[in-house]
Amino acid sequence: MTTTDWIFWVLDSAAVKWVALIMIFVMPVSSLLTWAERRQSAMMQDRLGPNRANIGSIKLWGILHFIADAIKMIFKEDFIPEKAHKGLFILAPILSLAPVFIAFAVIPFGPTIYPHELGSVIPLSNPIEAEHAINLQVFNVEWGLLFYFAILTLANYGSVLAGWASYNKWALLGGLRASSQMMSYEVAMGLSLMGCFLVMGTLEPDAMVQWQTSNPAHWGIVVQPLAFVLFFTSAIAETKRAPFDLPEGEPEIIGYFVEYSGMRWGMFFLAEFIEIVFIAAVIATVFLGGYQVPFLEADGFHFAGTSLAISHGFVVLMQVGALATKILFLCFAQLAIRWTLPRFRPDQLMDLGWKRLLPLALFNLMLTALVMAVL
Amino acid sequence: MSELKTLILGRKNVDDPDDTGGMPNDLMTVNMGPSHPAMHGTIRIELTIDGERVVEADINPGYLHRGFEKESEAATYTQVFPYTDRLNYVSPMINNVGWAMAVEKLMGIDELPPRLQYIRVMVSEISRITDHLTCVGASAMELGAFAPFLFLVKVREWLYELLEELSGARLTHSYVRVGGVAKDLSPKFCAKITDILDRMEPVLDEAKGLLNSNKIFYDRMAGVGSFTEDDAIAYGLSGPCLRACGVDYDVRKDFPYLNYGDLEFDVPVGTSGDCLDRYLVRLEEMRQSSLILRQCIAQIPEGPVMVDDPRCVMPEKGETYNTIEGMIRHFKHIVDGIRVEPGEAYTFVEGGNGELGFFIVADGTGRPWKAYCRAPSFSNLQTVTKTISGRLISDIVPIFGMINMIGGECDK
Amino acid sequence: MGLEITTTKLEDLANWGRKFSFFTYPFITACCGMEFMSVAAPKYDIARFGAEFPRFSPRQSDLMMVVGTITEKQAPALKRVYDQLAEPKYVIAFGVCASTGGFYQNYSVVPGIDQIIPVDVYIPGCPPRPEQVLDGIILLQKKVGEGRTVNQMRARREAMKDKQRQSEGV
Amino acid sequence: MSKAVLDALKSKFGDAILETSSKNTDESVTVAVDKLIEVCTFLRDDEKMAFDSPVFLTCIDRLGLPVMEHRFELAVQLRSFTKRHRIRVKVPMEEGKLKVPTLSGLWAGFNWLERETYDMYGVEFEGHPDLRRIYLYDEFKGHPLRKDFPKDLRFPLARREWADE
Numbered sequence: 615m616t617t618t619d620w621i622f623w624v625l626d627s628a629a630v631k632w633v634a635l636i637m638i639f640v641m642p643v644s645s646l647l648t649w650a651e652r653r654q655s656a657m658m659q660d661r662l663g664p665n666r667a668n669i670g671s672i673k674l675w676g677i678l679h680f681i682a683d684a685i686k687m688i689f690k691e692d693f694i695p696e697k698a699h700k701g702l703f704i705l706a707p708i709l710s711l712a713p714v715f716i717a718f719a720v721i722p723f724g725p726t727i728y729p730h731e732l733g734s735v736i737p738l739s740n741p742i743e744a745e746h747a748i749n750l751q752v753f754n755v756e757w758g759l760l761f762y763f764a765i766l767t768l769a770n771y772g773s774v775l776a777g778w779a780s781y782n783k784w785a786l787l788g789g790l791r792a793s794s795q796m797m798s799y800e801v802a803m804g805l806s807l808m809g810c811f812l813v814m815g816t817l818e819p820d821a822m823v824q825w826q827t828s829n830p831a832h833w834g835i836v837v838q839p840l841a842f843v844l845f846f847t848s849a850i851a852e853t854k855r856a857p858f859d860l861p862e863g864e865p866e867i868i869g870y871f872v873e874y875s876g877m878r879w880g881m882f883f884l885a886e887f888i889e890i891v892f893i894a895a896v897i898a899t900v901f902l903g904g905y906q907v908p909f910l911e912a913d914g915f916h917f918a919g920t921s922l923a924i925s926h927g928f929v930v931l932m933q934v935g936a937l938a939t940k941i942l943f944l945c946f947a948q949l950a951i952r953w954t955l956p957r958f959r960p961d962q963l964m965d966l967g968w969k970r971l972l973p974l975a976l977f978n979l980m981l982t983a984l985v986m987a988v989l
Numbered sequence: 061m062s063e064l065k066t067l068i069l070g071r072k073n074v075d076d077p078d079d080t081g082g083m084p085n086d087l088m089t090v091n092m093g094p095s096h097p098a099m100h101g102t103i104r105i106e107l108t109i110d111g112e113r114v115v116e117a118d119i120n121p122g123y124l125h126r127g128f129e130k131e132s133e134a135a136t137y138t139q140v141f142p143y144t145d146r147l148n149y150v151s152p153m154i155n156n157v158g159w160a161m162a163v164e165k166l167m168g169i170d171e172l173p174p175r176l177q178y179i180r181v182m183v184s185e186i187s188r189i190t191d192h193l194t195c196v197g198a199s200a201m202e203l204g205a206f207a208p209f210l211f212l213v214k215v216r217e218w219l220y221e222l223l224e225e226l227s228g229a230r231l232t233h234s235y236v237r238v239g240g241v242a243k244d245l246s247p248k249f250c251a252k253i254t255d256i257l258d259r260m261e262p263v264l265d266e267a268k269g270l271l272n273s274n275k276i277f278y279d280r281m282a283g284v285g286s287f288t289e290d291d292a293i294a295y296g297l298s299g300p301c302l303r304a305c306g307v308d309y310d311v312r313k314d315f316p317y318l319n320y321g322d323l324e325f326d327v328p329v330g331t332s333g334d335c336l337d338r339y340l341v342r343l344e345e346m347r348q349s350s351l352i353l354r355q356c357i358a359q360i361p362e363g364p365v366m367v368d369d370p371r372c373v374m375p376e377k378g379e380t381y382n383t384i385e386g387m388i389r390h391f392k393h394i395v396d397g398i399r400v401e402p403g404e405a406y407t408f409v410e411g412g413n414g415e416l417g418f419f420i421v422a423d424g425t426g427r428p429w430k431a432y433c434r435a436p437s438f439s440n441l442q443t444v445t446k447t448i449s450g451r452l453i454s455d456i457v458p459i460f461g462m463i464n465m466i467g468g469e470c471d472k
Numbered sequence: 036m037g038l039e040i041t042t043t044k045l046e047d048l049a050n051w052g053r054k055f056s057f058f059t060y061p062f063i064t065a066c067c068g069m070e071f072m073s074v075a076a077p078k079y080d081i082a083r084f085g086a087e088f089p090r091f092s093p094r095q096s097d098l099m100m101v102v103g104t105i106t107e108k109q110a111p112a113l114k115r116v117y118d119q120l121a122e123p124k125y126v127i128a129f130g131v132c133a134s135t136g137g138f139y140q141n142y143s144v145v146p147g148i149d150q151i152i153p154v155d156v157y158i159p160g161c162p163p164r165p166e167q168v169l170d171g172i173i174l175l176q177k178k179v180g181e182g183r184t185v186n187q188m189r190a191r192r193e194a195m196k197d198k199q200r201q202s203e204g205v
Numbered sequence: 003m004s005k006a007v008l009d010a011l012k013s014k015f016g017d018a019i020l021e022t023s024s025k026n027t028d029e030s031v032t033v034a035v036d037k038l039i040e041v042c043t044f045l046r047d048d049e050k051m052a053f054d055s056p057v058f059l060t061c062i063d064r065l066g067l068p069v070m071e072h073r074f075e076l077a078v079q080l081r082s083f084t085k086r087h088r089i090r091v092k093v094p095m096e097e098g099k100l101k102v103p104t105l106s107g108l109w110a111g112f113n114w115l116e117r118e119t120y121d122m123y124g125v126e127f128e129g130h131p132d133l134r135r136i137y138l139y140d141e142f143k144g145h146p147l148r149k150d151f152p153k154d155l156r157f158p159l160a161r162r163e164w165a166d167e
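Protein chains in written order, with the working numbering: chain A, 615 to 989; chain B, 61 to 472; chain C, 36 to 205; chain D, 3 to 167.
Treat the hints with care, as some may be off.
Said to hold, decoys possible - Among chain C residues calculated to face chain A with C-beta under 10 Å, some are: (1) 83; (2) 87; (3) 95.
Hints in this document: simulated from the structure, not taken from any laboratory.
Note that the structure is predicted; figures quoted are calculated from it, not measured.
Heads up, the beta-carbon is just placed ideally off N, CA and C, and yes, glycines get one too.
Just need the whole structure built from these sequences, with the hints factored in.
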């Protein structure tokens, strides 16, 4: 193997792709989201938002504030209550942060790259048999979305254990609320995806993106509109943000992380924002065509008979950019919802989950099955 | 395996008196407050809960007991005004007016100049608006709707600035005096208040649109904390909470004071007495206050803003400096205070939260022998014990928000 | 020598972070709370200083704002919340009641919270104007940036004592 | 309007009514302690009285006044929503015998007000379901609104343990 081959081989390994994804995209975006949330909420409320942090005369519209937050949290006293269960207390934030990182592996964040063909236009008719191909998806398995469900459920344990291990009654209540909420909404969430599974015939995210093609009329949101609404709703509930922020429920019970300080609390905080990005990524993949740009095929734009050839490198760039744009837009939508709606009450939350979303998801599933059978 | 179980489930490594070894199946007692985000001001509730449901609530006020009555007994009648400001600090002007009226009643001052009456009505109504704005906004915030809160506080800010221009203080005005007010309205006051009312009404509509048509907000409020009419009367409830129960009682209508009798306004009345009704009553009252203000602006006559009574009016500056009688009068006025005939009197006005009364026992000197404040919040808060029981923990938030318990007034 | 420079720089970095990231614990009791609302509201907007997150868990907050009168009944709660705050912690006495008891000099009111907990910044006024509060926050930022708050000074003194003890021991 | 109430009370209870006055548009009636419950029950239940709502309940300490027949006096203000009238019932009490039957059984709203009066003046309400301090804490000694209680006598619960060096 030559040196370039080695490089490509290394680049294609799952670990490298995963680290690159986390480091280049997920962490910066979710950190910036904390800033975006503060500025966006300020904008919605006629305020200015944080803008004072400076290094010398550099202020960067307040972006430095989240760096200041991070630095402060690192240097903050790390407190463990005397009666807390030390092991689980330490484990809980890790348990809520790690699964989200892992789950990112199933998201296809771009098309397959053929490193030797970057400059040329790839013909659509006969796919090339390239020697090297980098698949921009860390973990490609047929049961991809099942993997996502399995892993994300683990994040439950993070909040429940945090509540239990803190040895605090309010934290315990928060933990219980978190567990019941996430359990209930995962059902509706899974069932709403089943419709997509029926239509698309696969649970593999990349295959789902391929199935949706570059024609927006063929995307998940058009094919399964009800599933989109249901999934979006229950996904927000999964992230435990307003209007579903009962486990935190600031004015009632302070939440399952009431006893956490410093970076340990920062991890819960960060996990919440990463989850926003992740949910946005899943929705973009399943319902918004993933990395597909409207009417952009591998060899260029095709629209109403006319076509425009574009080289492979640009196509990849545009497609990755498209996914990033979709994710950012969905993050923005989630933040806007968070600052608009008031909070539910636990019984109303359960009502919504079990009496509204679940029947609707079942209805959607049956309707889809019926249509599929008839067609 | 047994070792693992002990380590993870049993907490045996901790010296724990609460540890019973098994699953707890009894009620849990938790402590809410005195520094808790949902506790307006400061209050403590010992909750006995069964899961999320409140079985019993023991409410402990008194964390802001600042000794209003003890302080008043040591102060002259005029010096009590700053203390009344800090009773219901969301609507200080109404407290000022109430205290002034109580002292005037004891002194036998019945006839107030018309302009003074209008000014007192206007400042009371502005205070009522700030009170309700804060109440509605804070409750919305506690339910998670942050934007309406900030919109409403923005309006409150305009009103504060106007009152600051009038009295010199943003929040604690001490503007009213026995027998009058400190000074006449500031120039262009009426034009400014019209302008603010014009800007306020769209914001109220906006907040109403954000909240009333919001299913989540509606569901959180409706049916929560409802109170029957008979209970409300027996508990001595008053103000918007009483009117939400369906009792048409407003001191401004039923026992008109100042010139409320000449002004046209409606008293909104609810039906079920739940939090939603309380919220709607407050929202409508702001509109009615705005109507009253507009009428006052149109009708306000020229004239003096103090009664012509040497017992409570300080001499002119020139008189104080140039005549010995004037100086002595000024001196006695400041040092001894306004001399009030012995006796006792109870006066009540419609405060932000209900019937705000002052019961004064005078001993003939310049200081009150006893100054009791009938705090509407205190009587209203008492009902919460009843309304919380059987509800969820989350319901405490709207119930407290809509009772609008103000620490300074409730704990005195 | 080299190590000392590094630790000083690290401390400076930490202080820079701390001063732009006050997570406040609003210990609101009385009238000043209304002005605290105004400070958080659009016109004055405390968020500009990075201090907009009110954290109601003392573990996660850095800045305790004691807003309003503290009575003797409230005092144990105040002390307890202060003890629960995680280091480094700062205290602002918001308003004259918190600073000195104000014009309430009677059986029930604590004459100033510095009888109970150490205070970094006193904001006078009954209640203080929002501008004054913003000034107080800027003052505290300066103090934190230079490492001169009560707790930072105490930590430094203790570190120096430790060092002395070590050198004496050697 | 409320004069009718005073007349009715006088004709019904006779000697138990120690004094009536209607000064400053406030009607008040002074009742002996042992007749309080009887008078109040009448005030609440009689159709012409119909005092259905409590307004306030407090105590007056006259220690040090030139005219002091009784040191303490309980003042209970009642209101009627249906008849739109009000009355103040006053009960003289002697020092050392500060015991009054509770009114919380007649009007639920007096529950906390009686606790407040107990807290501030030390008046004991017999039969009150839950008579304990409401504004102050258990460690507090004495009743602050009595005239012989010094204004700034404090019973601190917490003070800082260390001083700035």
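(request) Against the structure, test the hints numbered earlier, and report the numbers of the ones violated in rising order. (result) none
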